[in-house]
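*Asks:* Now for the letters of each chain:
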Amino acid sequence: MSALIPLVIAVPLTGAAVTLLAIRSRTTQRLIAIACAVATAAISIAILIGVDRDGTQAAALGGWPGRIAINLVADRFSALMLTVSSTMLLAVLLYALGQRADDERSRWYHPAYMALMAGVSGAFLAGDLFNLFVWFEVLLMASYVLLTLEGNDGQIRSGTTYVVLNVVESLVLVTAVALIFAATGTLNMADLPDRLAALPDGVRLGLNLLLLIAFGLKAAVFPLFSWLPDSYPAAPSPVSAVFAGLLTKIGVYAIVRTQTLLFPDTNRTLLLVIAGLTMVIGVLGAIAQSDMKRILSFHIISQIGYMIMGVALGGLAAITATIFYMLHHIPVKTSLFLVEGIVERDTGSSTLDRVSGLARRSGPLAALFLIPAFSLAGLPPFSGFVGKLAVVTEGLDQRSWWIVAAALAVSLMTLVSMLKIWTGAFWGDPDPAPAEGQSRGLLRQHPLMSAVTVAVVTATLCIALFAGPLYRFCERAAQDATRVTTYTEAVIK
Amino acid sequence: MSIVQAALIAVLAGTGTYLVMHRTLTRIILGLGLLGNAINLLILTSGDSPGEAPIIGREGAFTDPLPQALVLTAIVIGFGVISFLLAMAYRAWTIDGNDEVEDDIDDRRLAQQSDTGGDYGEPT
Numbered sequence: 001m002s003a004l005i006p007l008v009i010a011v012p013l014t015g016a017a018v019t020l021l022a023i024r025s026r027t028t029q030r031l032i033a034i035a036c037a038v039a040t041a042a043i044s045i046a047i048l049i050g051v052d053r054d055g056t057q058a059a060a061l062g063g064w065p066g067r068i069a070i071n072l073v074a075d076r077f078s079a080l081m082l083t084v085s086s087t088m089l090l091a092v093l094l095y096a097l098g099q100r101a102d103d104e105r106s107r108w109y110h111p112a113y114m115a116l117m118a119g120v121s122g123a124f125l126a127g128d129l130f131n132l133f134v135w136f137e138v139l140l141m142a143s144y145v146l147l148t149l150e151g152n153d154g155q156i157r158s159g160t161t162y163v164v165l166n167v168v169e170s171l172v173l174v175t176a177v178a179l180i181f182a183a184t185g186t187l188n189m190a191d192l193p194d195r196l197a198a199l200p201d202g203v204r205l206g207l208n209l210l211l212l213i214a215f216g217l218k219a220a221v222f223p224l225f226s227w228l229p230d231s232y233p234a235a236p237s238p239v240s241a242v243f244a245g246l247l248t249k250i251g252v253y254a255i256v257r258t259q260t261l262l263f264p265d266t267n268r269t270l271l272l273v274i275a276g277l278t279m280v281i282g283v284l285g286a287i288a289q290s291d292m293k294r295i296l297s298f299h300i301i302s303q304i305g306y307m308i309m310g311v312a313l314g315g316l317a318a319i320t321a322t323i324f325y326m327l328h329h330i331p332v333k334t335s336l337f338l339v340e341g342i343v344e345r346d347t348g349s350s351t352l353d354r355v356s357g358l359a360r361r362s363g364p365l366a367a368l369f370l371i372p373a374f375s376l377a378g379l380p381p382f383s384g385f386v387g388k389l390a391v392v393t394e395g396l397d398q399r400s401w402w403i404v405a406a407a408l409a410v411s412l413m414t415l416v417s418m419l420k421i422w423t424g425a426f427w428g429d430p431d432p433a434p435a436e437g438q439s440r441g442l443l444r445q446h447p448l449m450s451a452v453t454v455a456v457v458t459a460t461l462c463i464a465l466f467a468g469p470l471y472r473f474c475e476r477a478a479q480d481a482t483r484v485t486t487y488t489e490a491v492i493k
Numbered sequence: 001m002s003i004v005q006a007a008l009i010a011v012l013a014g015t016g017t018y019l020v021m022h023r024t025l026t027r028i029i030l031g032l033g034l035l036g037n038a039i040n041l042l043i044l045t046s047g048d049s050p051g052e053a054p055i056i057g058r059e060g061a062f063t064d065p066l067p068q069a070l071v072l073t074a075i076v077i078g079f080g081v082i083s084f085l086l087a088m089a090y091r092a093w094t095i096d097g098n099d100e101v102e103d104d105i106d107d108r109r110l111a112q113q114s115d116t117g118g119d120y121g122e123p124t
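From first to last, the protein sequence lines stand for chains A and B. Using our numbering, you'd call the opening residue of the first sequence number 1 and step up by one each time. Using our numbering, you'd call the opening residue of the second sequence number 1 and step up by one each time.
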């Protein structure tokens, strides 16, 4: 079982190397990439099943004892995130193949995508802080390449902001790692909880804040989000779908992991304030925009607020809510960008002034947009409702009235800005009026893209349908995340 | 940690931060390089007091090898990132003839809208 854990990193890394070797043949590259993505998804599902049956598993690389080895640790929380992310990466890979845009035809697309996959898996599994930093770097490096693949004016402009800010984030993270090492003499996440607890309060707070700044930049929380809506829209649609669904959630994952494991008893009022501001500012930004991709990018920020709110409230129920929220948000956000990709592919633009009347041309496409949009706004019976309900109930239980009020108001405003996309792009008369043969089957013109989008939207519906069992699983995952002893015992046997 | 090392870290980090605040990508890259070196030194000083080389078979008090391994990794990563940034600066220069980091077009448009009281014109 624990032999499978390194494989989920090794397979895509090998894929990256082999696709680089096969640089002359696009067909070979595609076949290898699909094979690797399928294998990674299958392995992560196997890990999820195994971890759910046997509890937390640790793979000590190099065969050293757990205290000094480089550990890869899979508990229910990380295995769940791994499964969701690897299936999304597979889906978007297929979508990109269907899109046949210029970027996918670039010879560097598949190697970078495979490296991204390895980095994402590594970040979810890393068992010590320095390796977490290394895997962050691997996925960031791949994301730099994917973001600037075409190298045109807009991509370089927004890519610069993205790269520089992420390098600064990495530097803050290494500083935090260095100081934690200086204070405790270890970076092993199983060893750290005890040693950090022995530190004076002021030092602990300082270390905690440094880590929060680093991961907060990655997760795009309130004062540190400005890079996101500038950079994501510049990327090609499949790439921004992956970024939107996954990359910020890795920051959130790291925040949850470090807050529950390393700093379990700290007062999180500051985090709660940040969560509230992230929600409100994000959604206000979304309302001000007039481009589909930018509206959706601002929504990512406001949704991050809900997840941080769960972390800030703390306790088993709130962490369960956060995990469920992440589980639902990744496919929902990805599918919205996938729909946007079809719109952009068909009309050549994602600016609302230039797109109109898509619902008249293709009812199914409008439905594909509406379902995740309603889910994001938190309307019942969609999956977002369950996640939001869980977070809000927990806020009520802990009597944090103002954050609950903010959360509810932001849901409403999310709906308003979704209506803006709806009235702008889908409602009204088609422009230009469709020709006779064109009027039916917008989806049929892009079969693979549509099939993937339908599959992802169906997955979000399934999350709503099976919310009960999934929620119970998230509860077990939250138990793994909040109970420090299960983690340390699995690593240090 | 000796005073000299601490002072060196402070100078490197200070100069690096100053350079990163600039608009020219080349200066930002230089700044990031200095910042990276400051932090590498910080990692190195985070180990215990210096000692013998940590080689199996030798006697005596060894230096902690972990910070050295970490610094080595951090240097390699920093090298990769900086070469990527240099390539980007070169690309920006071939497109524009300079390597200024520009404002985002949509941000600028929105700022103008709020200045002129909501004139919703064509996006530039």
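Quick caveat, the hints were computed from the structure, so don't treat them as lab data. All residues carry an ideal CB built from backbone N, CA and C; glycine is no exception. A portion of the hints provided could be inaccurate.
[Claimed, not checked] Quick list of simulated restraints, FRET-style, between CB atoms:
no.: 1; chain 1: B; residue 1: 56; chain 2: A; residue 2: 21; range: 32 to 38 Å
no.: 2; chain 1: A; residue 1: 399; chain 2: B; residue 2: 83; range: 48 to 54 Å
no.: 3; chain 1: A; residue 1: 55; chain 2: B; residue 2: 68; range: 33 to 39 Å
*Asks:* Against each hint, give a clear statement of whether it holds in the structure.
*Replies:* Evaluated hints:
1. B:56 to A:21: 32 to 38 Å: holds, 37 Å
2. A:399 to B:83: 48 to 54 Å: holds, 53 Å
3. A:55 to B:68: 33 to 39 Å: About 36 Å separates the Cβ atoms of residue 55 of chain A and residue 68 of chain B, which means 33 to 39 Å holds.
The structure meets every hint from the earlier list without exception.
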